[in-house]
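> Here's the letter readout for the chains.
There are 2 protein chains.
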Amino acid sequence: MATDAMSPKITVELLRQLRQAMRNGKCIAEPIQAYIIPSGDAHQSEYIAPCDCRREFICGFNGSAGTAIVTEQHAALWTDGRYFLQASQQMDNNWTLMKMGLKETLSQEDWLISVLPENSKVGVDPWIIAADQWKNMSKALSSAGHSLVAVQANLIDAIWEDRPARPSTKLIALGLKYTGLTWQDKITALRGKMAERKISWFVVTALDEIAWLFNLRGSDIEYNPVFFAYAVIGISSIKLFVDSKRLLDAAVRQHLELDSPSKPDLTVQCFPYESVFSELNAVCAALAPKDKMWICDKASCALTQVIPKAHRAAIPYTPLCLAKAVKNPTEIQGMKMAHIKDAVALCELFAWLEKEIPKGTVTEISAADKAEELRSQQKDFVGLSFPTISSVGPNGAIIHYRPLPETNRTLSLNEVYLIDSGAQYRDGTTDVTRTVHFGTPSDYEKECFTYVLKGHIAVSAAVFPNGTKGHLLDSFARAALWDSGLDYLHGTGHGVGCFLNVHEGPCGISYKTFADEPLEAGMIVSDEPGYYEDGSFGIRLENVVLVVPAKTKYNYRNRGSLTFEPLTLVPIQLKMINTDLLTQKERDWVNDYHRKCLETIGAEMERQGRKEALDWLILETQPIV
Amino acid sequence: MATDAMSPKITVELLRQLRQAMRNGKCIAEPIQAYIIPSGDAHQSEYIAPCDCRREFICGFNGSAGTAIVTEQHAALWTDGRYFLQASQQMDNNWTLMKMGLKETLSQEDWLISVLPENSKVGVDPWIIAADQWKNMSKALSSAGHSLVAVQANLIDAIWEDRPARPSTKLIALGLKYTGLTWQDKITALRGKMAERKISWFVVTALDEIAWLFNLRGSDIEYNPVFFAYAVIGISSIKLFVDSKRLLDAAVRQHLELDSPSKPDLTVQCFPYESVFSELNAVCAALAPKDKMWICDKASCALTQVIPKAHRAAIPYTPLCLAKAVKNPTEIQGMKMAHIKDAVALCELFAWLEKEIPKGTVTEISAADKAEELRSQQKDFVGLSFPTISSVGPNGAIIHYRPLPETNRTLSLNEVYLIDSGAQYRDGTTDVTRTVHFGTPSDYEKECFTYVLKGHIAVSAAVFPNGTKGHLLDSFARAALWDSGLDYLHGTGHGVGCFLNVHEGPCGISYKTFADEPLEAGMIVSDEPGYYEDGSFGIRLENVVLVVPAKTKYNYRNRGSLTFEPLTLVPIQLKMINTDLLTQKERDWVNDYHRKCLETIGAEMERQGRKEALDWLILETQPIV
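Residue numbers (our numbering), protein chains in the order written: chain A, 129 to 753; chain B, 129 to 753.
For reference, chain A alone in the conformation it holds in the complex:
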């Protein structure tokens, strides 16, 4: 019943239509020789609403990262190591897969220069390309005699007959109990930062920043509790651009004090979502000569270019992005609670799987559904935080695999099972990966798992000075794999939001160094090394960890040190570990971790009366001797 291949999307006709639109048509002033279809929406979101899945529409590949480029003769898709296998399976042979991160792979710019005829025009929708990407691409193309042009009407939308409408879901107002700070407090703190830097306006375009700032959540984008909006914050005014129907809700009106603002400078002025372009234009027209306006250089090119250069202060990440990343005590407490509830559900799943798998009836999809069902029984559950990666054997090697009916494998006693899953609770967001075997793992599987575990521990137990950037920790996760000639082609960790996006900036742990802010106490990141053997199995071990101060024997130049505290408390399967490969320190770490799982999750299971899961937990947290 299960097959190993996803079927590719047939794109011959779509490409014909797109190329026709590129040549003339009502859409563009003059023909373009190439059209770029980025992955994001007008907010440069990583996860996007169905109406914004233009890159998937044109090429079939539905991973979270990738850019398609179509020329008269070629069609190519760039994506990273997580998605090489998946992309090659989802695209037909009209498409060339460009594997990013490999030395021999041309960049988009170099590829365009190599295939385009002289003096070509390359088109892109300025709303869905970030300003910094526009700048780099435009510079590279110009230097080779081509030009990048903004195509106002999106050419994919023009050929996409049944394109869904933009969602406008109900907004949820979060109280102090969840947020720790009122939106008024956050606006005031933000204005303090603006004043420090002599900034008079700040254009907020990232959906999670707007949700965090206003203590509002939505469900416009699956898995991400955000809503389509823009905000323009001045020193004494607040402009929110959002579908006006959403503001009819009494709770939302009260939360934003729309009908009775307490202070003039904390009065929210609401405008329709679409009017951001014209309103920002109006604000810019009225700027004093010295006024400066912050906008993230990852904001859309379209909106960025509204701001005259003399007034534009482009920043690589915004003060909201940083403020949101450093969780306050209420948020930390909420994240801890969310992870405890989440661990109860996941332990229950594993206890259930152990019982059910021998019957041969559990599949990747049914296991994922069961995980969701168990999570949904927990308090304040809202939904999943990303599509569950539930993968057996070779499917585990597809790093961002999502089981589909045509790929669905049955869980068995013979293959490794990898489940990477998480949920949104009103008090926090979770993201956890465990790799387990329900029969007897091979020595090679255990060896690889143990290297991954050693890397996981090396990061989790690392002590490092205040001010250290996450990318300096990435190699700790790889050293044990590297020693044996192994590696994994993805970063080691990402920031995690608090009842917000499961991936957030500006910190992370990766060999890539872009937009990497120093780690600070209160930040929350994932620690998730892995190893993937194409066609055979995948291993990943992921905890969400909190950055905390570390006690050290000495304190060089009074800088202070940091380390990580795991928030995820789900046992690591001992059966998968070759304990001979662990040092005593690593064994102690595993035993300490399991003791903490048993104490904390065990207590919650007792409180919830989940006896079977507790029995399972007790067995799974036996110390290594």
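Any given hint could be a false lead.
For identical chains, the list gives no copy identity; a pair is met inside one copy or between any two copies.
The list that follows gives simulated cross-link-like pairs (lysine-lysine, DSBU-like), each with its CA atoms no further than 35 Å apart [said to hold, decoys possible]:
{"no.": "1", "residue 1": "Lys267", "residue 2": "Lys231"}
{"no.": "2", "residue 1": "Lys314", "residue 2": "Lys391"}
{"no.": "3", "residue 1": "Lys305", "residue 2": "Lys498"}
{"no.": "4", "residue 1": "Lys418", "residue 2": "Lys231"}
Read the hints as simulated data drawn from the structure, not as lab findings.
Start from chain A and add chain B according to the hints.
For chain B alone, kept in the frame of chain A given last:
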């Protein structure tokens, strides 16, 4: 006799004169409100000739890195952690030390913006500021309403009465025995790279690149066997700009085939050094519309701006820089031989010190002199590769300390001794640091030394995939220190030239990630973690290591793996090690290393009949049990 303080340079009068020159004078068209004095020369060299020591002249600080800025009211110097102590001792209180790398330290741009009156002009000599630095500085100043202006006549030169003349030393032509490739081979390979990228001209400004390309050496700059020159390489022409007196030498004429060129496109056309500006202008005037010219973005702003933007292809490092970094088999063999000879000399020094120190007559300076004397006895010795850092006790904490009569301490049985030294031999360049104690080190000194040793081994024994950048290895060197709350404020390693500069790009091992090219087999870098306790002692352990292929159990995606082979073969003092803190793997590494020292250096000592040194070596390479 020894004192602990260097005396600061008195700068009141010089600053008065400089500020006068900034205000009006014959030097500039209109007054400037600030003047930037970078560290480098017109070739952006790290080590510079006396005539180019303008920054030292104005502020007194003579470290290898630092930028001075003088305004009407302020004078400030930016330097990095290696030099904080030294700079604070060498500058008088007219100067503010700006400690780079600390969070609270303003960048040069931000500082200028904070102190300058509105619409200020900031001047700089365009020949000694790199094009990329000019661009960044200019952009930052413009965004705050100021402007960066090129001041053609150097204002320091204008007030520097007894400024030395530019040196023009004898050139040495290196044969194939040392270089492995003729200069004609190197030009041909370079033109191949230019053709690949459709580049018709390449302006070479870095002195070590010119020396390497032409297989010539000079001694214009102390410690660096280079000579003042520029080169402009076309697809069929070679223009060398060098003081014409140097080309009267018959050996040089023959080497460059000046009188009987073998091929037209391998004919070297010689021009006076100073004519590079006008000749490059002439070349640029004759460019075809599609011609592109390579120039490094670290070349001087003055020369970069000669090339019209449409023809300019600025690159972060040049193909010569990369070709030079990957040593050929002849160069590797030469580097190995140089390190063997160097180790003989250094072992002799330590044997001598052990005997002499109890007499109380050996000082930092006399020890350094003895080291030079012993090195000079070795075959093909040319000179030192940098000023010897010979430092006792608290002087060891001054990271780039150089003993002066007024700071000179006596070596004793009570203090740690750190010696960082190296030499130029015709077959290679060395750079080695050992930290030793001739009495009984304290437990704390041993503990710190052992953490540094663990870091040194972690890098030296690291196995990592082909394509890994050096900065990904930096944290391995720090992990043991970090665990105890310690750290060091410098990078872990730098590229090392082959009878060339002891510091060279484009690879290295540092937490900083700029211009960091992937490590390749054949590259040579240093591995030199340290620990410094201000006012007390300094520890550093440095080997020069060669990047070599590593054999691994598996080979993920056929990428292949790399590791390091130490070229430096000088024992690590066992007395300084707390062996309880070492893992078994680390103990094995030390024993293997010492076995190799004994075999290789011992054999050479026997050949040279250096009996006392051999006896010392045998004792110092006893295995740890």
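> Work down the list of hints and note, for each, if the structure agrees.
Here's how the hints hold up against the structure:
1. Taking the closest pair of Cα atoms, Lys267 and Lys231 come within 35 Å of each other both inside a single copy (22 Å) and across two copies (33 Å).
2. With identical chains, the CA atoms of Lys314 and Lys391 are at most 35 Å apart within one copy only, with a shortest distance of 15 Å there and 73 Å across copies.
3. Taking the closest pair of Cα atoms, Lys305 and Lys498 come within 35 Å of each other only inside a single copy of the chain (30 Å); across copies the shortest separation is 72 Å, beyond that limit.
4. Taking the shortest alpha-carbon separations for Lys418 and Lys231, only the inter-copy value of 28 Å comes in at or below 35 Å, while the best intra-copy value is 46 Å.
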